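Please put together the full structure from these sequences, using the hints given.
Sequences listed follow chains X and R, in order. All residue numbers for the first sequence refer to our numbering, where the first residue is 1 and numbers rise by one. All residue numbers for the second sequence refer to our numbering, where the first residue is 518 and numbers rise by one.
Hints in this document: simulated from the structure, not taken from any laboratory. Note that the coordinates shown come from a computational prediction; the quantities given were computed from them, not determined experimentally. Warning: the hint list may mix true and false statements.
[Claimed, not checked] For lysine to aspartate or glutamate, the following EDC-like pairs were computed, each having C-alpha atoms within a straight-line distance of at most 20 Å: (1) X/K211 <-> X/E159; (2) R/K575 <-> X/E159; (3) R/K575 <-> X/D161.
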Amino acid sequence: MMTWLDPISDLTQPFFFYSITFTILFALLTYIILRILGVHDPKFKSYFYMIPLIIPLVIYAIFPPFYLAAEISFASFSSIADMPAQAKIGSISLPKMHFNGIPPFKPVHLEVFKIQVLSLTGLLCFVGLIAGTVLLVFLYFFGNKIVCWLQGIVELTHEEDPELAAMVSRLAQRAGISMPRIGITEDLRPNAFTIGYGKNAMVVFSLGLLKVLENAELEAVISHEIGHIKNQDFHFNALVSALKTVSFFNPLAYLLTSAIKREREFLADNTGMKLIKKPWIFGKALKKVWEASNGSSGGLLKRWISSFFIVSELRHQRNLLATHPTLKSRLSNIADSIYHRSAGRDETLRAILSCAIIIMMVINVCGLLAWTRYPITLTRIHSKEISVASKKGGYRLKISDMPNITHIWQFECRTFNHEKDAEDRGELPLTVELGKQLNTPPLYFYISIASTEHQPSLLSRPSQVSGSTYSWILTSTNIVVMTIILFLSCRDCFRNAIKRLVRWYSTDQQRSRKILS
Amino acid sequence: MSSNHSISEYMPSEYRIGEDKLESVLGPLEAHVMETIWEMRKPVSVREVYEKLRRERKIAYTTVMSTMDALFKKGLLDRRITRGRGGLLYVYWPRFSKEEVERSVVKHVIDSLLRNFGNSVTSYLIEIAASDKEKIKAFRKLFESIEKEKKDK
Chain X
1 MMTWLDPISD
11 LTQPFFFYSI
21 TFTILFALLT
31 YIILRILGVH
41 DPKFKSYFYM
51 IPLIIPLVIY
61 AIFPPFYLAA
71 EISFASFSSI
81 ADMPAQAKIG
91 SISLPKMHFN
101 GIPPFKPVHL
111 EVFKIQVLSL
121 TGLLCFVGLI
131 AGTVLLVFLY
141 FFGNKIVCWL
151 QGIVELTHEE
161 DPELAAMVSR
171 LAQRAGISMP
181 RIGITEDLRP
191 NAFTIGYGKN
201 AMVVFSLGLL
211 KVLENAELEA
221 VISHEIGHIK
231 NQDFHFNALV
241 SALKTVSFFN
251 PLAYLLTSAI
261 KREREFLADN
271 TGMKLIKKPW
281 IFGKALKKVW
291 EASNGSSGGL
301 LKRWISSFFI
311 VSELRHQRNL
321 LATHPTLKSR
331 LSNIADSIYH
341 RSAGRDETLR
351 AILSCAIIIM
361 MVINVCGLLA
371 WTRYPITLTR
381 IHSKEISVAS
391 KKGGYRLKIS
401 DMPNITHIWQ
411 FECRTFNHEK
421 DAEDRGELPL
431 TVELGKQLNT
441 PPLYFYISIA
451 STEHQPSLLS
461 RPSQVSGSTY
471 SWILTSTNIV
481 VMTIILFLSC
491 RDCFRNAIKR
501 LVRWYSTDQQ
511 RSRKILS
Chain R
518 MSSNHSISEY
528 MPSEYRIGED
538 KLESVLGPLE
548 AHVMETIWEM
558 RKPVSVREVY
568 EKLRRERKIA
578 YTTVMSTMDA
588 LFKKGLLDRR
598 ITRGRGGLLY
608 VYWPRFSKEE
618 VERSVVKHVI
628 DSLLRNFGNS
638 VTSYLIEIAA
648 SDKEKIKAFR
658 KLFESIEKEK
668 KDK
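As structure tokens, this is what we get:
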């Protein structure tokens, strides 16, 4: 059974809303923590940036993306034994009800049961989960073959280029890993990357690279690639790609992924540099590669697909989602053993921040809309709206549940009747039905939360959870975002003001000293 | 890109009497690569040639690469940079058809023979003509066709 709610209530489903909100919150938190603590170790940073990406998984575990609707049974005049074995999630009491021409009921107690239905956003989450899993499996089983085919990689035997093989094996030995395979692509522009993992790991060079670089530079490049293998970046890359796919609808995920990959690049640089005696040569090689490469190779699709399998590409991409740091930041990373905050990374963080703010605003607006649309007021079943349909199995009333963000039973009752026979609908006197309680076909109602122009009069039943959770989240996130924006925008101002104050104070003192002397 | 653009026909640098077919003017691997490229009938990258050759014999990629580079330098292959699998790469295609190459080999060898040992060549040709009736027929046919062509023009 599929129930489609309108887009706004779809967006405020707990799994969707919480996963996006908490991803943003954790991204911001990570960012603040890293900035305040001054964490510059790329390894730490890459792990840190993983946290927000894992959040959606946690949220889905708490709020499965299937859950949307609830089912209500008339506990008062139907035996619960008729109900299918489902988890009871709550109960609701309705006041006196009037049905068409039927004498009023006593107040009715309804039992609410969970039924699992997909919503639009639930579908998004579900697709993400499946795609992520499929991608992970795919990466591990077919990754190498696909990328070899896409990039036209030819494996070199060790006899073919003994010099290169010797260099690779020497560095691999120094790093303490088994000798990776060597492959080449016919690309005339210098580039190098790593594919595969464990014993199947392959370091791939482009013909251009082998042509352009001198031996010492080539050694530096190899050491960087070996750094990737040693750091198990294939697994890391696969995991991050899968997580990105899981929350593919969240733009922040893409930014986080590229940030993680950049940190892994820095890490590989650091690992690689320990293997060679003259680390600065890697900077030279990198600069050569940078200067010689212009634009991207292959179609966008091909590159995009390849990017899942290729662990590290030496060549850079010029865009916001670049998985590689800028040359400048890498060179400064190489130059300094203490890592500097660099322009490239700063840009990513700024991008993450602005993205977070944008999403925050969208969610605020959505929440506000949802709120105004479904005010915490009264819920009433309008007697005229209810019509009765009969079916076997017991009395039932179906109700679409608002997400437990607002968690109020608000509904409008319409006829719910899948029976082909129109005569059944509404013509069955309820009294008669009620009279033969035990043998009668059930009553079916459909209660949807969709508001129509002629809003039914609503009678109150504020739920226990009510809007407070939602408002709490909104308020706190707003406060956090505002604080960060203030912090970031005023940081320099504050610093400058303090500097000016200090300068003014010291010059003032000097002046007074002069006067005194 | 290529220094050999002006060449309108293939010019063999040497001719080895003892070898078979194209191997008389090219190295054995070069001849094999040329044959393969002619068979493939489209511009090919080194990798494609390598993958085809690998099925027939044990061969290294780098060998194919250097062979094709040598063939390019000899003017038998032409190449251009295109966007292909993996990035910008060279694709090669034969500058001449197999027949054109064979004809130019014959032309240059006989020209050289005539230039150096003109009299002996003529006398040998007469000798052949006298000894072998089939060859006489073949020569006659050839001359007739040449004359026909002249008349047609």
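Going down the list of hints, with the structure as the test:
no. : hint              : verdict
1   : X/K211 <-> X/E159 : 19 Å, holds
2   : R/K575 <-> X/E159 : 13 Å, holds
3   : R/K575 <-> X/D161 : 16 Å, holds
Comparing the model with each earlier hint shows no violations; every hint is respected.
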